[in-house]
Amino acid sequence: MTAVVLVAVGGALGAAARYALVLSWRAHFPWAILVVNLAGSFMLGVLLVPAQEQILLFLGIGFCGALTTFSTFALDTLVLAREGRVHAAGINVGLSALGSIAALGAGLLLARALGG
Amino acid sequence: MSTAQGFLAVAAGGAAGALARFGVSIAADSMGIASAWATLAVNIVGCLLMGLLVAAVIANPARRALWQPLLGVGLLGGFTTFSAFAADSVMLLDDEAWVAAATYILATLAGGLLALRAGVILGERLRGHGGKA
Chain A
1 MTAVVLVAVG
11 GALGAAARYA
21 LVLSWRAHFP
31 WAILVVNLAG
41 SFMLGVLLVP
51 AQEQILLFLG
61 IGFCGALTTF
71 STFALDTLVL
81 AREGRVHAAG
91 INVGLSALGS
101 IAALGAGLLL
111 ARALGG
Chain B
1 MSTAQGFLAV
11 AAGGAAGALA
21 RFGVSIAADS
31 MGIASAWATL
41 AVNIVGCLLM
51 GLLVAAVIAN
61 PARRALWQPL
71 LGVGLLGGFT
81 TFSAFAADSV
91 MLLDDEAWVA
101 AATYILATLA
111 GGLLALRAGV
121 ILGERLRGHG
131 GKA
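Note that the protein sequences, when read in sequence, are chains A and B. All residue numbers for the first sequence refer to my numbering, where the first residue is 1 and numbers rise by one. All residue numbers for the second sequence refer to my numbering, where the first residue is 1 and numbers rise by one.
Hints were generated in silico from the structure; no laboratory data involved. Treat the hints with care, as some may be off.
[What the hints assert, rightly or not] Now the stretches of chain A that chain B is said to cover, found in silico as 3 or more residues with beta-carbon under 8 Å:
(1) 12–25
(2) 31–41
(3) 44–51
(4) 60–69
(5) 73–84
(6) 91–100
(7) 103–115
In this text the structure is predicted, and so the values were computed from the model without any measurement. Glycine included, each C-beta is placed from N, C-alpha and C at the ideal position.
Model the full structure from these sequences, guided by the hints.
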């Protein structure tokens, strides 16, 4: 029961934070979604090291899980491709995929270094 | 729809989407299925549904005001995830499972984009047959 509440509240906050950034950052390229995906991946990397269950449920699965999004990233990419901006679509895919993996790894290494 | 109502719709959808994703991961775990498979399934199914939503529902301006924040940004945005994809990828790379990691990354990217495209095509057909009501 507690787990359900933690994931739901974290998910609500994560999705709302993503919406706030998207609303305030309208651009010709989906920077807002790219930034939340990189930031959420970095944050999850930091969280995985102490790995306390309640924090993982609330911030990891709930907040970071819903702050980041795959479906909107895919939609943005398809829209760029349909506009004939194939280069931008490819850059979005490359930066999102490699960037999020690098960000998560960096978060993990930072937490390990700080945690000694 | 006011900005506050939009945020409420996104938050409600995000809570439901995160719970649905959590449910899939618990179900997969109880069946002994690796977390990467659960994330892959969530992201591909979420992309298919996003395509359907965009083409069949949000394409109608009268329905956009509520359904885009509630179902698009909130539910499907919160259901699908990039952070868990990154975590699964890093775990596979950390295990030096290079082929599995490359396969997982490519399957997620290609699978998600193709599923979204399929959802759009399906949604356009549904909308065509169902009228513009």
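Legend entry - List of violated hint numbers, smallest to largest: No numbers; nothing is violated.
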